[in-house]
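2 protein chains.
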Amino acid sequence: MKNFIVKKFGGTSVASTEKIKIIAKRIAEDIKRGERPLIVLSAMSGYTDSLIQMADRVFPDYQGEAYDMLLSSGEQVSISLLSMALKKRNIPNKPLLAHQAGIQTSSFFSKACIESIRTEKIKSLFKKNIFPLIAGFQGVTKQNEITTLGRGGSDLTAVALSSALKIKTCEIYTDVRGVFTADPQLVPKARKQKHLSFSEMMEMSYLGSKVLQIRSVEMASKHGINLHVRHAFKKEEGTWITKKKENFMEGSLVSAVAHDLNTLVIKFNKTAEGVGFISELFTKLGKESVFVDIISQSGIGVPARLAFSITKTDLKKSLSVLKKLKLDKNISIIDGVAKISIIGVGMASYSGVAGRFFSVIKKTKARLYLVTTSEIKISAIIDKTSLKKTARALHKEFDL
Amino acid sequence: MKNFIVKKFGGTSVASTEKIKIIAKRIAEDIKRGERPLIVLSAMSGYTDSLIQMADRVFPDYQGEAYDMLLSSGEQVSISLLSMALKKRNIPNKPLLAHQAGIQTSSFFSKACIESIRTEKIKSLFKKNIFPLIAGFQGVTKQNEITTLGRGGSDLTAVALSSALKIKTCEIYTDVRGVFTADPQLVPKARKQKHLSFSEMMEMSYLGSKVLQIRSVEMASKHGINLHVRHAFKKEEGTWITKKKENFMEGSLVSAVAHDLNTLVIKFNKTAEGVGFISELFTKLGKESVFVDIISQSGIGVPARLAFSITKTDLKKSLSVLKKLKLDKNISIIDGVAKISIIGVGMASYSGVAGRFFSVIKKTKARLYLVTTSEIKISAIIDKTSLKKTARALHKEFDL
Chain A
-16 MKNFIVKKFG GTSVASTEKI KIIAKRIAED IKRGERPLIV LSAMSGYTDS
34 LIQMADRVFP DYQGEAYDML LSSGEQVSIS LLSMALKKRN IPNKPLLAHQ
84 AGIQTSSFFS KACIESIRTE KIKSLFKKNI FPLIAGFQGV TKQNEITTLG
134 RGGSDLTAVA LSSALKIKTC EIYTDVRGVF TADPQLVPKA RKQKHLSFSE
184 MMEMSYLGSK VLQIRSVEMA SKHGINLHVR HAFKKEEGTW ITKKKENFME
234 GSLVSAVAHD LNTLVIKFNK TAEGVGFISE LFTKLGKESV FVDIISQSGI
284 GVPARLAFSI TKTDLKKSLS VLKKLKLDKN ISIIDGVAKI SIIGVGMASY
334 SGVAGRFFSV IKKTKARLYL VTTSEIKISA IIDKTSLKKT ARALHKEFDL
Chain B
-16 MKNFIVKKFG GTSVASTEKI KIIAKRIAED IKRGERPLIV LSAMSGYTDS
34 LIQMADRVFP DYQGEAYDML LSSGEQVSIS LLSMALKKRN IPNKPLLAHQ
84 AGIQTSSFFS KACIESIRTE KIKSLFKKNI FPLIAGFQGV TKQNEITTLG
134 RGGSDLTAVA LSSALKIKTC EIYTDVRGVF TADPQLVPKA RKQKHLSFSE
184 MMEMSYLGSK VLQIRSVEMA SKHGINLHVR HAFKKEEGTW ITKKKENFME
234 GSLVSAVAHD LNTLVIKFNK TAEGVGFISE LFTKLGKESV FVDIISQSGI
284 GVPARLAFSI TKTDLKKSLS VLKKLKLDKN ISIIDGVAKI SIIGVGMASY
334 SGVAGRFFSV IKKTKARLYL VTTSEIKISA IIDKTSLKKT ARALHKEFDL
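As given, the protein sequences belong to chains A and B, one line each in that order.
Per this note's numbering, the first sequence starts with residue -16, numbered consecutively.
Per this note's numbering, the second sequence starts with residue -16, numbered consecutively.
Hint data in this document are derived by calculation from the structure and do not stem from the laboratory.
Please note that a few of the clues may not be correct.
You can't tell identical chains apart in this list, so a pair holds if it fits in one copy or across any two.
[Stated by the list, open to error] With a straight-line Cα cutoff of 35 Å, these simulated DSBU-like cross-link-like pairs (lysine-lysine) come out:
| id | residue 1 | residue 2 |
| --- | --- | --- |
| 1 | Lys267 | Lys111 |
| 2 | Lys306 | Lys70 |
| 3 | Lys367 | Lys125 |
| 4 | Lys306 | Lys71 |
| 5 | Lys94 | Lys77 |
| 6 | Lys110 | Lys218 |
| 7 | Lys71 | Lys193 |
| 8 | Lys205 | Lys295 |
| 9 | Lys205 | Lys71 |
| 10 | Lys8 | Lys307 |
| 11 | Lys15 | Lys312 |
| 12 | Lys77 | Lys104 |
| 13 | Lys110 | Lys270 |
| 14 | Lys70 | Lys300 |
Please build the complete structure, drawing on both the sequences and the hints.
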């Protein structure tokens, strides 16, 4: 559809009524320039957290319909306020919650998947030149129960709407200027990247970059939606994430250094009991939706030494699984670690990248716990104190 | 329906997560005693106000769909949290927003009227022994747009649900022990009333008692729903409002003293221009939904002296009407006034009540601006500084 564009604004872009007014001005200017936006919003920064805090005081760790209904009120507030700010500028618009926009999901509360979007309502609004303003992060089941899509779910809402409406460009407005070669707070020399391929961006999201939610990049890749990550309060272009990065490529081998502090290692002290035990353990962890990241096992059969990394917030669930399997006395928890990774579609075709990666680790004297590699990335769990110097050294080694 | 009961909790009853947990405990105990409650909630005390403040920063005085969508998020938060608190006590329950409960209203945003309630959903929940938890104050139009019912609208939701489901008792939980013979803060000797008739309660709501929203009393009267106003955190009985007060009556002439500070007087200085002018003025004020309360006109024809009282918050709208009619130079606004009233179904059959009322006013030396009477009440606008002593003197005069 010509001039149609999806614009998704993150929580920091709508963090206050002042910021909402600035965003309304920006949208009004874009419309004046001929754009026909569909707007998707996150909750005001901090709003969802304060709702979660209340929920935790009432029923810690509860998951279910009431929790999702609670959280979804955050986006309801932000779209209402932006709608008013646009009305004040005489921009005709209509705020739509998930049930009004017809965003239907599975009934897996707090981690629901979008199953279908009824687009008639939105299309009829566009026909009347009324711009739709959609609450991100939320959906409804077939039974009209409110669900949420998990943290960062507004990105998913935006991409799913782009796909359903066949809108080719989806702008993701955020509080950074784009996707960088490394976190600028960690590596001051980090540069903004002009273009990334979908697979590079997926690896980066997976490896700890918080700019884009991974499921939304997957979906964009599948449906060929061009993503444009950019700053909500700056006019400059940000980072484009498209199918054919090759067109724009500067031929770099490694395109980014990523890191993630939300990790810890669980290590088995004594000899473990072989494949059967491992399969039982990971099946049970999976059932509790614990996300197991890197697994390392030295030697097949007995005596095997097993260690794996998990998301920090899953520790409680993991320990309860280990306890049920009577393995909780047999483990050490290694905290104070971080995951450092290098990513690049160029890596697959060149040898020697892994060698250079490990020589950097050796040079920075980082303590190495776990390692994993794929065609386009190498990740290692190292001690947190070595993170900064290792990130900088990798950034330098690969000329980023 | 046997043992079925509607329980509506006001904002102060659910003002914090701690209070929500106490309410959950109370409901659980009531269920244990055999009650089958349908629960209606207001937003947490202060929540709606903070939403209004945000709205005012974005677009002052805006009314429309976005504003109602914003405000309705308050009840969404409170029912989600109470649902979780009840789940923690293993009470099966289901939180329902207006669109899920099928509460359909007119499309007059911010002041919508309930047109119908689809009860199938609620009935099917009761059949499964799942207690419904309904967001008060909100509705949806036929086009599935969110509306709100105006301040105190949760009372209306509760009574409308009682009526639609033929549940004969509706408990209104609040932060006072019941309806008093006067505001205890103004008249320390004020007593809690055991019973009131619908018409007495309507007059009291109309005359400034904030315990119950007037439209909800009207609706309860029309459908014969017995209301029970009681304290959310005390076990004692509160005040019953029923059709036949006579059964319980102690034969009192006057049953209460009410007051209202949310009033001011607009007085015309110069000679006004007769009936035509008055009709035009009040028609235009009505169109802007300005609530004109007491009107006084001395002498018919010319020269007539006109004065009337309005709700304070309607001053801005009133002045704009007066300006359009080029009358704004011709008026004085008298602020610093209050309305004081006496109410009682007994008044109609006894003479001399008005005489006693005015002799009290004379004794307290209150300055009298406007007066109005009906079969069951006398109201006067007096200076605010005399309010307290006049209220106490009236309370004493009529043996309350």
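If the cut is 35 Å between Cα atoms, do lysine 306 and lysine 70 qualify within a copy, between copies, both or neither? Intra 57 Å, inter 26 Å, cutoff 35 Å: inter-copy only.
Intra/inter-copy verdict for lysine 267 and lysine 111 if alpha-carbon distance must be at most 35 Å: So lysine 267 and lysine 111 pass the 35 Å test across copies only (32 Å; inside, 52 Å).
Are the CA atoms of lysine 71 and lysine 193 at most 35 Å apart within a copy, between copies, both, or neither? both (33 Å within a copy, 34 Å between copies)
My question is about lysine 110 and lysine 218: at a cut-off of 35 Å on alpha-carbon distance, are they close within one copy, between copies, both, or neither? within (29 Å within a copy, 58 Å between copies)
From the Cα coordinates, with 35 Å as the cut-off, is the pair lysine 110 and lysine 270 best called within, between, both, or neither? between (46 Å within a copy, 33 Å between copies)
With identical chains, the pair lysine 15 and lysine 312 could be close in the same copy or across copies; at 35 Å between alpha carbons, which is it: within, between, both, or neither? neither (65 Å within a copy, 43 Å between copies)
How would you label the pair lysine 77, lysine 104 (within, between, both, or neither) given a Cα cut-off of 35 Å? Both: 11 Å inside a chain and 28 Å across chains, each within 35 Å.
Since the copies are identical, ignore which copy is meant and state whether lysine 8 and lysine 307 lie within 35 Å (CA to CA) inside a copy, between copies, both or neither. between (56 Å within a copy, 32 Å between copies)
Is it within, between, both or neither when you check lysine 205 against lysine 295 at 35 Å Cα-Cα? The answer is within: 30 Å in one copy meets 35 Å, while 59 Å across copies does not.
Regarding lysine 367 and lysine 125, is the shortest C-alpha distance of 35 Å or less found within a copy, between copies, in both, or in neither? neither (45 Å within a copy, 57 Å between copies)
Reference check for the pair lysine 205 and lysine 71, CA-CA at most 35 Å: within, between, both, or neither? neither (38 Å within a copy, 41 Å between copies)
Using 35 Å as the alpha-carbon threshold, which applies to lysine 306 and lysine 71: within, between, both, or neither? between (58 Å within a copy, 24 Å between copies)
Comparing the model with each numbered hint stated earlier shows that hints 3, 9, 11 do not hold.
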